[in-house]
Amino acid sequence: MEDSNNAHSPNEPENGKGSSRRNFLKNIGLAGVGVATGAAALYSGHIFEAKKEVSGDQKVLLTQDGKLVQVDSLEIKALEKTGEDLRESQSREGIPGRRWVMVTDLSKCRNARKCINACQDAHQLRPEQYHMNTLQMQDTPGTAPYNMPKNCQHCDNPPCVAVCPVDATYKRPDGIVLIENDRCIGCRFCMAACPYSARIFNWIEPKDAAIHEGQEYNAELNVPQKMGTISKCLFSADRLREGKLPYCVEACPNGVYYFGDENEDAVTNGTTKETVRLSKLLRDNGGYQLMPELGTKPRVYYLPPKNRLFPFEEAKDETPEKV
Amino acid sequence: MTMDDNKMTFEKITGDLTHHIRINKGFLAWMGFLTVSLLVCLYAYSLQLRNGLGVAGIRDYVTWGMYLANFVFFVAASLIGMLISAVLGLIGMKWLTPITRIAETIAVAFAAVAGLVIVSDMGRPERLAYVFIYGRPQSPILWDVTVITTYFVLSLLLLFLPMIADMAIIHRKVATLPSWLKPVYKALSLNFTDHPAQNKIINRAIRILLILLIPAALSIHTVTSWLFAVTSRAGWDSTIFGPYFVSGAFVAGSAAVIIAMFFFRRNYKLEDYLTDMHFNNMGKVLATVSLVYLYFNINEFLVPGYKLKRADAVHLQELFAGKDALMFWIVQIGGLILPILFLLFRRFRKPLPILLISIAVLIAAWFKRYLIVIPTQEHPFLPIQHVPHNFVHYSPTLIETLITIAPFILVLIIITLISKFFPVIPLHETAREKGIEHIKFD
Numbered sequence: 001m002e003d004s005n006n007a008h009s010p011n012e013p014e015n016g017k018g019s020s021r022r023n024f025l026k027n028i029g030l031a032g033v034g035v036a037t038g039a040a041a042l043y044s045g046h047i048f049e050a051k052k053e054v055s056g057d058q059k060v061l062l063t064q065d066g067k068l069v070q071v072d073s074l075e076i077k078a079l080e081k082t083g084e085d086l087r088e089s090q091s092r093e094g095i096p097g098r099r100w101v102m103v104t105d106l107s108k109c110r111n112a113r114k115c116i117n118a119c120q121d122a123h124q125l126r127p128e129q130y131h132m133n134t135l136q137m138q139d140t141p142g143t144a145p146y147n148m149p150k151n152c153q154h155c156d157n158p159p160c161v162a163v164c165p166v167d168a169t170y171k172r173p174d175g176i177v178l179i180e181n182d183r184c185i186g187c188r189f190c191m192a193a194c195p196y197s198a199r200i201f202n203w204i205e206p207k208d209a210a211i212h213e214g215q216e217y218n219a220e221l222n223v224p225q226k227m228g229t230i231s232k233c234l235f236s237a238d239r240l241r242e243g244k245l246p247y248c249v250e251a252c253p254n255g256v257y258y259f260g261d262e263n264e265d266a267v268t269n270g271t272t273k274e275t276v277r278l279s280k281l282l283r284d285n286g287g288y289q290l291m292p293e294l295g296t297k298p299r300v301y302y303l304p305p306k307n308r309l310f311p312f313e314e315a316k317d318e319t320p321e322k323v
Numbered sequence: 001m002t003m004d005d006n007k008m009t010f011e012k013i014t015g016d017l018t019h020h021i022r023i024n025k026g027f028l029a030w031m032g033f034l035t036v037s038l039l040v041c042l043y044a045y046s047l048q049l050r051n052g053l054g055v056a057g058i059r060d061y062v063t064w065g066m067y068l069a070n071f072v073f074f075v076a077a078s079l080i081g082m083l084i085s086a087v088l089g090l091i092g093m094k095w096l097t098p099i100t101r102i103a104e105t106i107a108v109a110f111a112a113v114a115g116l117v118i119v120s121d122m123g124r125p126e127r128l129a130y131v132f133i134y135g136r137p138q139s140p141i142l143w144d145v146t147v148i149t150t151y152f153v154l155s156l157l158l159l160f161l162p163m164i165a166d167m168a169i170i171h172r173k174v175a176t177l178p179s180w181l182k183p184v185y186k187a188l189s190l191n192f193t194d195h196p197a198q199n200k201i202i203n204r205a206i207r208i209l210l211i212l213l214i215p216a217a218l219s220i221h222t223v224t225s226w227l228f229a230v231t232s233r234a235g236w237d238s239t240i241f242g243p244y245f246v247s248g249a250f251v252a253g254s255a256a257v258i259i260a261m262f263f264f265r266r267n268y269k270l271e272d273y274l275t276d277m278h279f280n281n282m283g284k285v286l287a288t289v290s291l292v293y294l295y296f297n298i299n300e301f302l303v304p305g306y307k308l309k310r311a312d313a314v315h316l317q318e319l320f321a322g323k324d325a326l327m328f329w330i331v332q333i334g335g336l337i338l339p340i341l342f343l344l345f346r347r348f349r350k351p352l353p354i355l356l357i358s359i360a361v362l363i364a365a366w367f368k369r370y371l372i373v374i375p376t377q378e379h380p381f382l383p384i385q386h387v388p389h390n391f392v393h394y395s396p397t398l399i400e401t402l403i404t405i406a407p408f409i410l411v412l413i414i415i416t417l418i419s420k421f422f423p424v425i426p427l428h429e430t431a432r433e434k435g436i437e438h439i440k441f442d
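Note that the protein sequences, when read in sequence, are chains H and B.
No gaps in the numbering here: position 24 of the first sequence is 24 in this note's numbering, and each next residue is one more.
No gaps in the numbering here: position 69 of the second sequence is 69 in this note's numbering, and each next residue is one more.
These are computed hints drawn from the structure, not numbers from a lab.
The structure displayed is predicted, hence computed values, not measured ones.
For every residue, glycine included, the Cβ atom is placed at its ideal position computed from N, Cα and C.
You may find that some hints are simply not true.
Stated by the list, open to error - Below are the SDA-like pairs computed for lysine to any residue, each with C-alpha atoms no more than 20 Å apart in a straight line:
1) H:Lys207 / B:Val55
2) B:Lys309 / H:Glu293
3) H:Lys207 / B:Leu49
4) H:Lys322 / B:Gly57
5) H:Lys207 / B:Gly54
6) H:Lys322 / B:Pro396
7) H:Lys297 / B:Thr231
8) H:Lys207 / B:Pro388
9) H:Lys316 / B:Val392
10) H:Lys322 / B:Tyr61
11) B:Lys420 / B:Glu271
12) B:Lys309 / H:Gln138
13) H:Lys280 / H:Asn263
14) H:Lys297 / B:Arg233
15) H:Lys207 / B:Arg50
16) H:Lys297 / B:Pro380
17) H:Lys306 / H:Pro253
18) H:Lys171 / B:Tyr134
19) H:Lys171 / B:Pro137
20) H:Lys77 / H:Ser55
21) H:Lys77 / H:Leu62
22) H:Lys322 / B:Val392
23) H:Lys171 / B:Thr231
24) H:Lys322 / B:Ile384
25) H:Lys322 / B:Val55
26) H:Lys322 / B:Thr397
27) B:Lys309 / H:Thr143
28) H:Lys322 / B:Ile399
29) B:Lys309 / H:Thr140
30) B:Lys309 / H:Met137
31) B:Lys309 / H:Pro292
32) H:Lys322 / B:His393
33) H:Lys322 / B:Gly54
As the list claims (entries may be wrong) - Rough simulated footprint, nothing fancy, chain B against chain H, three-plus residues with beta-carbon under 8 Å:
34) 153 to 164
35) 186 to 197
36) 311 to 322
Could you build all of it, start to finish, from the sequences and the hints given here?
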């Protein structure tokens, strides 16, 4: 690095000869790179100018994130992505401008399990496979038991996404953690990493696999399920794209779930269809998150099980003995 | 020493160390047995390929079962190559010479098979290449793949380089060699003629490899421990998992080397080379690494046991007095504390007693990995509810057991082949140490 200084330094004359030759070669190299870069710049400039034609015909278009823009008709090009490619890029990019959030009111849950059934129907799940599962909780021996619907928490710092070796599970800008089961290698590191036990695995041939054979994978619906890959709650990303509430939220008969957009500070109750301010709902009812000490930053909030609408009943287990 | 004495000695050494290189009935019977057993296990694996991982006992909560425990065990056993060759070798322990190749053979065999073990745990093994195509450097799995491959290549080179001189000697000097093997040895000898310049290059290369081997070996088991320690689960969420795993690996590996030494000595008649002194010293090595491992065990259980945070309390309760207690105490006492006590006495460091101790240590080492991997998953943070009974408690199936045994058979096949067709004890190096300065090549 210091050769050029040394070459003229009177203190080290013995270095002079060798390093001046080196400098000469270095300079030739630099000059060569400079010429090449300049030529490339000129050429690309020429190409750019040649292409810059204007028709004067201006079109008004609506962009994906809802803005009106004006562009020259010659600049409009057909989207190269079609079909599966488009769906894949959409399912990775999410719904622009949104930050989806869920609020689960524990005081209203009576373990009706309607959310679970709707979810399992939509995602082609077996009875023992849960994206959403209602747990019978009791925090300490002295405190009251309660029902707690538990799904993927769609963490903003998701441990599952961090450990995935192949980018088969990913976090979208709209907050949803999705799975691409065409990519999943079935290592189950994400299951080991998830503190909420939110992930399930297709240990055997999925439900109705023969019927859905050859069907194209839809990441936003997570169907068809594939043997040897992961599955989990995805906030019904397909429904959100249609402007509808998630399957579980819609199916709840007891008003347990609110779902909405954190950016709008608004959530809608799936049963009453009433829309309320998210911040006010959390503030007035003492909203909290599961295991915040783990630093996972969940996108699901819970409202505490106080003034419960229903008495707590021990749940019957209806799953098969062995699968 | 006269030239004649040297010649006699050299011929005796060559004969002693190479007379087993021939195909005999015992070898064929043993290989036949291993092959048939392997085929049975491969049939079990074909069932898993067809019907999914569901043929094993693992389910949504205990999602990593015996396959993962087996993987950890295999990586652990492979670490011994680094302890024997690199650490002890570089500090100049001369008595190790006849053991280095045994240790390297074990390292190569276990490291090679560890990669296959992890494939048997994949839900989609046909997508293995995705790890390289779509690999994300954030995932410890990528780190593991990288360091295990590196360690395997280094170990393979370290097995091969000292063997170049041996190949040259064998293809020229061993008359009993089967004729079809001669060209193989000639090719592997890379025209070695015992020229000082050749020896200098080989020795320098070996030294560089030995130094590189230390960080590579530490990495493979540290990273393997991180597959668990990077999660927040009770029993895995530990900052000392790296050294805890590495020290445990030395225990398992030392035991494996002692077992291999015993059988090579007996089957290949190597009593003059693998002496009681070697078993005695390996006994001391095993006792030392076991003491270090005991120290990490005390740290690993006493500190969370003192605080008893909620999840840790459940985990430790299961291990100390619950459903896993029997296995836990047999492993800790029978596989760690008792061996240390026995190995303090010289009479237990004789070949037969130390063989028995090492077998106990090695079996316990496998079950120890089982105890590290499985119980933690049986009590996650949130309760396991509304799932079939076999989701709650893990019990391995027959197919799963066969697929778990397969890697052991593969390791035995690799070790048998290497030891059968190459000198178990470095020939050239042993000759040097017995005072033979230059070997004439014609």
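Results for each hint:
no.: 1; hint: H:Lys207 / B:Val55; verdict: 16 Å, holds
no.: 2; hint: B:Lys309 / H:Glu293; verdict: 13 Å, holds
no.: 3; hint: H:Lys207 / B:Leu49; verdict: 18 Å, holds
no.: 4; hint: H:Lys322 / B:Gly57; verdict: 11 Å, holds
no.: 5; hint: H:Lys207 / B:Gly54; verdict: 14 Å, holds
no.: 6; hint: H:Lys322 / B:Pro396; verdict: 14 Å, holds
no.: 7; hint: H:Lys297 / B:Thr231; verdict: 15 Å, holds
no.: 8; hint: H:Lys207 / B:Pro388; verdict: 16 Å, holds
no.: 9; hint: H:Lys316 / B:Val392; verdict: 16 Å, holds
no.: 10; hint: H:Lys322 / B:Tyr61; verdict: 14 Å, holds
no.: 11; hint: B:Lys420 / B:Glu271; verdict: 17 Å, holds
no.: 12; hint: B:Lys309 / H:Gln138; verdict: 17 Å, holds
no.: 13; hint: H:Lys280 / H:Asn263; verdict: 14 Å, holds
no.: 14; hint: H:Lys297 / B:Arg233; verdict: 17 Å, holds
no.: 15; hint: H:Lys207 / B:Arg50; verdict: 16 Å, holds
no.: 16; hint: H:Lys297 / B:Pro380; verdict: 19 Å, holds
no.: 17; hint: H:Lys306 / H:Pro253; verdict: 19 Å, holds
no.: 18; hint: H:Lys171 / B:Tyr134; verdict: 16 Å, holds
no.: 19; hint: H:Lys171 / B:Pro137; verdict: 16 Å, holds
no.: 20; hint: H:Lys77 / H:Ser55; verdict: 14 Å, holds
no.: 21; hint: H:Lys77 / H:Leu62; verdict: 14 Å, holds
no.: 22; hint: H:Lys322 / B:Val392; verdict: 10 Å, holds
no.: 23; hint: H:Lys171 / B:Thr231; verdict: 18 Å, holds
no.: 24; hint: H:Lys322 / B:Ile384; verdict: 15 Å, holds
no.: 25; hint: H:Lys322 / B:Val55; verdict: 12 Å, holds
no.: 26; hint: H:Lys322 / B:Thr397; verdict: 13 Å, holds
no.: 27; hint: B:Lys309 / H:Thr143; verdict: 18 Å, holds
no.: 28; hint: H:Lys322 / B:Ile399; verdict: 17 Å, holds
no.: 29; hint: B:Lys309 / H:Thr140; verdict: 13 Å, holds
no.: 30; hint: B:Lys309 / H:Met137; verdict: 19 Å, holds
no.: 31; hint: B:Lys309 / H:Pro292; verdict: 16 Å, holds
no.: 32; hint: H:Lys322 / B:His393; verdict: 11 Å, holds
no.: 33; hint: H:Lys322 / B:Gly54; verdict: 11 Å, holds
no.: 34; hint: 153 to 164; verdict: holds (count 4)
no.: 35; hint: 186 to 197; verdict: holds (count 10)
no.: 36; hint: 311 to 322; verdict: holds (count 7)
Checked against the numbered hints given earlier, the structure satisfies every one of them.
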